[in-house]
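As a plain string of letters, each chain reads:
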Amino acid sequence: MIESTQITDIAIELARPWMLWCLLALIPIAWYFWKSLSDFPAWQRRVSFAARSLIVGCLVLALAGLTLLQPTKKMFVVLAVDRSQSVDSEATAKIDEFIKQTAEARGSNDLAVIDFAAEPAGLSAFDAERTPPPEDGKRATNIASAIETAIASVPPSHVPHVVVLSDGRQTLGDAVQAAAGAKVPISTVPLPSRDEPEVQVAEVTAPAQVRQGEPFYVEVTIASNHADQGFIDVYRGDVLAIEQKEPIKIEEGETKLRFRQTVDDEKQVDYAVRVRGFTDTLLDNNSASAVVFASGKPTVLLVDSQVDQTNELRWALEEQGLLVQVRPVEGVPRSLSELQRFDCLMLSNVPATAMTLQQMEIIRTYVQDLGGGLVMLGGDQSFGLGGYYKTTLEEILPVRSNFEKEKEKPSLAMVLVIDKSGSMGGQKIELAKDAAKGAVELLSPRDQIGIIAFDGASYWISEIHSAADKGYVMDRISTIEASGGTNIYPGLSDAYDALVATSAKLKHVILMTDGHSTPGDYDGIVRDMVAARITLSSVACGAEADQKLLEELAQTGGGRYYMCEDPQSVPQIFAKETVTASKSAINELPFLPQMVRPTQVLNGLELDTAPFLLGYVVTRPKPTSEFILASESGDPLLVWWRYGLGMTVAFTSDAKSQWAAEWQAWPQFGPFWAQVTRHAMRKSDAKGVFVEIERHDERARLIVDSVDESGKFINGAETKVTVIDPSLGNKPIVMQQTAPGRYEAEFDTNKTGSYNLELNQNQNGVTTFRQTRGLVVGYPDELRLGPTNDGLLKQISQVSGGRFDLPAKEVFEPGERTARLALPLWPYLLMAALSLLVADVALRRIDFSLWFPSR
Amino acid sequence: MNILEFANPIGWWWAALALPIIGFYILKVRLRRQPVSTMLFWDKVFDEKKPRAWWQQLRHWLSLLLQLALLLLLVSALVDPLWSWQKNQRRKIVLVVDNSASMATMEEGKSRFDKAKLTAAALARSIRVGDEMAILTAGGNATVAIGLTGHVRSLLEAIDRIELTDAPNSLTAAVEMAKRLVPPSTQSNLMLLTDGCDSAIEELQKDESITVYGFGTPQENLAITQFQVRRSLLDAIGYQVLVEVTNLGAEPQKCRLELNLEQELVDVVPIELEPGASKTLNLDHASATGGRLLAQLNVSDGIAVDNRALAVLPTRRKMPITLATAGSVFLKSVLESIPLVDLTVVEALPENFKAAGESIVVLHQKVPEQLPPGKLLVINPRNNCDQWTVGDPIETPLVSTIDDSSPVTQHVRLTNVLFPDARSLTFTGESETLIKTPLDEPLLSYIRRSGGDVLVLNVDLDLGDLPLRIAFPVLMKNAVEWFQGNQGELQPALATGQAATVQLPRTNPSANPTNKTETGKEVKPAPEAKPDATDAIEVVKSDGKQQSTEDFMLRSPAGALTPLARDESSAVLSMLNYCGLWTIGTDDALQKDPWLPKADGQAADGQTIERESTQRDSTQRNSAQTLASDDPQLVRVACNLCNREESDLKPRVKLETPSDFGMLSLGGRSIWFYLVLAGLILVAIEWWLYQRRVVG
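Listed in order, the protein sequences are those of chains A and B.
Following the numbering used here, the numbering of the first sequence begins with 9 at its first residue and continues without gaps.
Following the numbering used here, the numbering of the second sequence begins with 2 at its first residue and continues without gaps.
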């Protein structure tokens with residue numbers, strides 16, 4: 009860029025001065041002129057020679073690139089206008105007014121505008137219609153790149169001046185460095201910060217790593233642009249940890265708060281702080297989070313459908329040095345970061361229907377990518393009976409929920425009565441069809457199945473048919489299409505009639521609907537069913553369904569009622585119902601565990617002395633699983649396998665008084681469960697490892713310092729991190745050693761939510777540590793409330809020689825600076841040469857002495 | 002489709018000048034009437050003169066044609082003809098010049114960078130009237146060398162100003178910036194001049210909107226690709242160096258790696274590497290003072306900048322310890338034997354004693370009723386104080402459990418050792434016991450106080466054999482280091498072009514002492530909860546600490562100062578494009594810096610160390626060591642290339658070499674130029690033809 013120093017004189021320059029050598033052509037021209045025998049008068053010959061020389065001169069100067077340099081004070085002003093989210097309507101009005109006033113004051117100068125937020129848009133005329141940046145692009149402010157683009161857009165033939173209109177709250181780049189290297193005056197115009205009442209959680213800080221049981225403070229910074237009072241909720245995971253009774257008063261500016269916490273039985277705790285009850289405008293910035301990692305004893309989350317029966321197992325594990333947290337089925341973690349707090353998850357008699365598909369997916373990620381452990385214990389709502397058939401969890405478990413039905417088990421005739429009314433259209437009907445197909449798959453060849461679809465009337469999709477011909481039934485199911493009204497009664501009536509006619513020992517009806525039916529004698533038909541030993545279960549699909557009626561039908565019909573908010577869980581309900589109805593998945597004969605495959609995991613345990621277990625759920629081991637213990641009939645009792653980085657264990661009996669009443673009194677009950685659980689759980693050891701995570705510009709840098717037991721740095725170890733982003737995307741990264749004992753990796757954190765990190769270090773084939781960490785990315789910095797950053801704007805103008813808070817009318821104020829306006833003269837030189845050529849010809853062809861006789 | 006188009010078609014009107022020229026030729030030249038005395042002479046001449054041949058009749062027509070040709074040439078030049086492939090008038094060209102470290106490679110007597118600049122200059126000279134060109138650089142940070150202009154001289158001046166950096170290239174960022182400046186279109190032209198030593202070049206080459214020109218052939222290169230120094234966790238004065246050397250050439254390499262700490266040779270390691278192989282060294286050495294540590298490869302290869310690397314070894318400060326004892330020889334000797342301890346022994350603490358800064362106070366037996374603030378190690382407390390009550394002697398003071406997870410008890414083997422005359426201690430607040438008896442009586446405990454931690458060892462050293470055991474000095478050393486908070490200090494050397502956040506130096510060094518660990522980064526102690534605190538939300542009163550509002554400057558290895566953007570306590574470094582030592586401080590602090598670059602422009606970094614005479618006054622050197630490396634008002638950041646990709650001097654793809662045809666107009670110039678040149682030649686020829694009859 010031409011530096012705008014003071015230039016006062018007109019100057020000329022030659023772009024290709026070496027072309028002046030061509031002037032040597034004048035020497036032969038002069039020689040021939042001198043020696044010429046031309047008979048024109050001498051003066052005419054001399055004029056002709058002069059004309060020819062001038063032509064040569066013009067052409068040579070054109071070739072040499074003669075350029076006229078004029079000093080100019082003509083300015084080119086670029087207004088770099090902040091359009092990020094922190095700029096509100098008041099600031100926009102100020103921008104518009106500024107542009108208007110600048111345009112009025114521009115005179116003959118040039119004015120252009122560059123809008124910017126995360127990225128600068130192209131240069132546009134000040135009066136052009138400009139499209140605002142997309143909402144996503146407004147969530148950051150990069151003043152530096154706007155300055156660079158503005159400077160690059162100014163032609164050197166003008167005096168450059170960049171005016172930045174911004175609130176100075178940059179979230180990307182370094183504007184001062186950009187301004188310092190610009191060599192162009194950059195003036196700044198501060199825009200007002202948002203003046204709508206705004207309260208935000210500016211920051212939540214907690215120590216990255218604490219010891220279990222050690223008290224620490226979580227510090228909260230609330231920023232507000234007005235004095236106010238309201239409530240501050242602190243969530244520990246999903247649980248409201250601190251509830252205020254009185255509103256807290258906050259001052260304008262920042263208010264710092266803190267609260268004391270300890271982590272006792274978890275590995276990782278995330279704290280979310282939310283503000284409510286304040287006068288506020290932006291909602292996105294009302295919460296912020298922090299994650300605390302606690303080192304200490306391994307932690308286990310035990311989820312049980314009967315919490316009151318978990319004491320024995322909990323005590324046994326705690327006695328063996330494990331920290332156990334017990335939750336009811338509703339407590340199955342809903343986020344990966346919540347599950348990350350534990351080294352092992354034990355699901356004791358938890359049905360699949362109590363979980364969403366997302367929760368199951370989270371458990372899979374926890375096991376597969378984060379090395380977590382999963383132990384599933386048996387019960388009447390576990391494995392196949394819990395509806396796990398074809399679920400994500402069945403995929404990661406070492407056993408299958410479907411099995412060959414034993415011959416002595418009674419045969420089942422089942423009719424699925426499915427609502428196909430118009431409201432079932434779309435995803436619902438497809439899921440219902442999948443659910444029906446899943447149910448068919450679970451039936452044994454001796455069972456029978458019939459499918460009825462109903463709207464205003466009832467239709468047999470597939471009359472009662474042997475389940476041996478599954479293909480036919482499934483093809484028929486595929487033909488169901490949603491349309492019509494809702495009338496349950498005819499469907500039930502048809503199901504009753506058909507089932508009464510079958511010879512099966514067990515008869516069951518599953519009714520599913522999402523609406524209110526026209527009235528009918530439901531009580532009568534269900535009582536008839538009961539009389540004919542037909543059971544009925546009902547599924548209300550969505551809140552619109554007639555829940556009261558369905559619940560009553562299931563109650564009277566001797567079956568189960570399911571309220572299904574999410575149609576995605578319909579297949580699990582059908583699978584659960586099918587297995588439950590066939591009464592074949594549970595074996596309740598007392599048995600002694602049989603060792604199938606000796607393992608070091610059970611070393612020290614005398615399984616020969618183990619008492620009877622009173623029952624188990626029938627499953628099938630998967631081909632590559634490790635089948636450790638079996639029932640006396642050879643069915644799996646204890647099976648495990650490695651799944652991804654983690655381990656899953658299936659124990660098909662239970663640890664409660666239902667089937668393990670005698671086991672609980674066995675002295676080795678505690679060691680057995682501790683050894684199995686320790687084998688399954690994530691092996692994490694925080695000793696000698698310090699993990700730090702820094703975030704900047706939507707990138708996170710993970711720094712791991714690792715030392716061995718003796719305090720020496722661990723060098724040359726293979727260190728990896730698997731980053732699970734908030735959408736459960738998985739990215740393994742090899743960490744690079746950057747210093748003695750230090751390993752680093754960088755990854756993008758451009759999504760809002762929890763990032764979970766699984767760290768793994770191996771040296772000489774030995775795992776030196778394995779750990780999980782979390783990182784919560786809150787709302788973008790753009791939404792961070794704060795006053796206009798006058799300091800930054802002043803610094804930008806100061807380092808570049810511009811002015812801070814420049815009034816619009818003074819933008820074009822002429823200063824001392826000038827620029828050089830370069831005018832290439834070759835076209836004019838050619839025109840001159842052409843004119844001279846005509847004159848030259850005339851001087852050759854016309855004897856001017858006729859008019860000007862020589863004296 | 003027209004092969005030619007014209008930038009200034011209105012110029013064709015000048016072709017009308019052909020009419021007067023033809024007119025002049027049609028007109029008969031009217032000779033003058035000159036009265037003479039006789040016609041006889043002329044009659045004779047006329048009779049002897051042969052009639053002109055037909056072609057001789059055409060001579061003046063040939064002359065006319067030459068004049069018309071000249072006119073045509075000049076008018077054709079005036080209309081500025083463009084080939085169809087050049088037809089985009091007023092083109093906007095963005096030239097990206099790679100000025101990264103690998104461009105320093107010398108080939109055929111010229112560096113790749115010089116070749117790129119020559120090509121850039123040739124391209125700039127070849128732009129047409131109406132064209133505009135901008136030039137960006139792609140070394141380290143992508144920057145604008147000059148905005149869009151059609152003024153060739155400005156472009157040439159800008160090209161001349163571009164300097165080679167020591168940073169890796171940023172081709173992708175520069176291309177993005179170029180596309181922002183001139184969005185790709187039929188009238189835009191984005192050209193990249195690079196050596197292609199970047200894996201991103203493959204993608205860039207595929208981009209049809211970019212023309213990539215390459216310079217460079219594969220070259221041998223040995224590079225230091227990793228270099229850091231870090232204080233040891235085990236040894237108070239020890240440090241460990243991580244060096245990785247990589248052979249990025251095609252031939253095996255053999256050389257020496259030399260390590261110098263403040264010009265003192267520390268180590269020499271022979272290096273022998275096969276092509277593509279790396280060697281990682283972890284070298285342990287000891288120095289309490291710290292300073293600039295320079296690694297240098299004794300080799301001559303593709304580029305020199307990656308043959309040396311610099312790091313700053315943090316200084317370990319002496320820990321002042323005040324021992325208040327009636328005369329325990331054991332304790333005094335053990336504390337004296339710990340490295341970097343500055344021991345003062347007093348009989349009793351004076352009243353209202355206040356420990357200075359980071360010092361430790363060791364109280365033996367007698368303790369004040371109100372423990373003084375600061376870090377306290379209490380051995381064999383005999384009387385009550387605000388933190389505990391002393392009870393009866395413990396019946397069986399046998400060590401039963403040691404919490405070996407604590408750094409205080411690390412490597413301490415005391416199981417089944419008796420702690421004679423240990424008294425039962427009841428702590429008033431929360432405490433943690435590290436060594437206890439079978440009945441859980443505390444023998445070694447620590448109390449976390451807001452005024453400073455207290456470690457209590459409950460043993461009479463004069464009884465029993467504890468002082469004679471190895472475990473005792475280990476325990477004391479652990480305790481001192483625990484108080485010191487040594488974390489394996491590291492002032493990471495950055496790679497050029499790398500962005501990093503650094504904590505700003507303290508402008509008032511006496512205030513708020515904290516542990517400085519890396520890049521001047523202060524370790525903020527974790528918010529420690531008071532035992533009596535509640536779990537309810539409480540409003541924290543401001544501690545009244547004011548952040549410094551002073552302006553900080555960043556000094557480059559060459560001594561150039563630039564202002565530093567900052568927030569309250571940190572700043573982001575994003576423009577470190579040169580290897581060497583960068584320093585952050587206030588103007589005042591930088592002026593007083595003993596490592597201030599010299600007036601002759603030599604940088605006060607590792608490179609200077611190499612260049613400086615080894616006969617430098619050792620006294621002066623020592624004073625620099627102690628002053629500079631320990632100055633809390635300055636933050637020093639060593640910067641090295643340490644970039645495997647940049648040190649790999651092999652172009653990743655086959656790159657097109659720029660040729661005249663690749664210039665922005667034919668032969669490097671606009672067509673008008675050649676037309677004018679032809680016109681000039683014709684002017685001379687036509688003159689010769691006209692005037693050829695000359696006097697002999």
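Take the hints with a grain of salt, since some may be wrong.
To be verified - Calculated lysine-lysine pairs in the DSS-like style (CA-CA distance at most 25 Å, straight line):
hint, chain 1, residue 1, chain 2, residue 2
1, A, K445, A, K478
2, A, K191, B, K180
3, B, K437, A, K305
4, B, K593, A, K720
5, B, K180, A, K728
6, B, K280, A, K720
What the hints assert, rightly or not - Just a few of them, taken from the derived set where beta-carbon distance is under 7 Å, the chain B residues facing chain A:
hint, residue
7, I11
8, W15
9, G148
10, Q229
11, L234
12, L243
13, L491
14, S571
15, S575
16, L681
17, I686
18, W689
These aren't lab readings, by the way, just hints derived from the structure by calculation.
Glycine is no exception: its CB is placed at the ideal position from the N, C-alpha and C atoms.
| query | Close enough to count: is the Cβ of B/S575 nearer than 7 Å to one in chain A? | reply | holds (5 Å)
| message | Just to be careful: measuring from the Cβ of B/L681 to every Cβ in chain A, is the smallest value less than 7 Å? | response | holds (5 Å)
| Does the interface hint hold: is B/W15 within less than 7 Å of chain A, judged Cβ to Cβ? | holds (5 Å)
| task | For the hint on B/S571, just tell me whether its beta-carbon gets within less than 7 Å of chain A. | result | At 10 Å from the nearest chain A Cβ, B/S571 fails the 7 Å test, so the hint is violated.
| field | Restraint satisfaction for B/G148 [CB to CB of chain A, less than 7 Å] | value | This hint holds: B/G148 lies near chain A, its Cβ roughly 4 Å from the closest one there, short of 7 Å.
| query | Close enough to count: is the Cβ of B/I686 nearer than 7 Å to one in chain A? | reply | Since the shortest Cβ distance to chain A is 10 Å, the answer is violated.
| query | Between B/K593 and A/K720, is the straight-line Cα distance small enough, at 25 Å or below? | reply | violated (38 Å)
| field | Closest C-beta approach of B/L234 to chain A relative to 7 Å, hint status | value | holds (5 Å)
| task | Decide if the proposed pair is consistent with the structure: B/K280 and A/K720, CA atoms, cutoff 25 Å inclusive. | result | holds (20 Å)
| field | Interface hint compliance - B/L491 to chain A, C-beta minimum distance less than 7 Å | value | With a closest approach of 6 Å, the B/L491 hint holds.
| query | Is the straight-line distance between the alpha-carbon of A/K191 and that of B/K180 25 Å or less? | reply | holds (22 Å)
| field | Proposed proximity, A/K478 with A/K445 (alpha carbon, max 25 Å) | value | holds (9 Å)
Checked against the numbered hints listed earlier, the structure breaks hints 4, 5, 7, 14 and 17; every other hint is satisfied.
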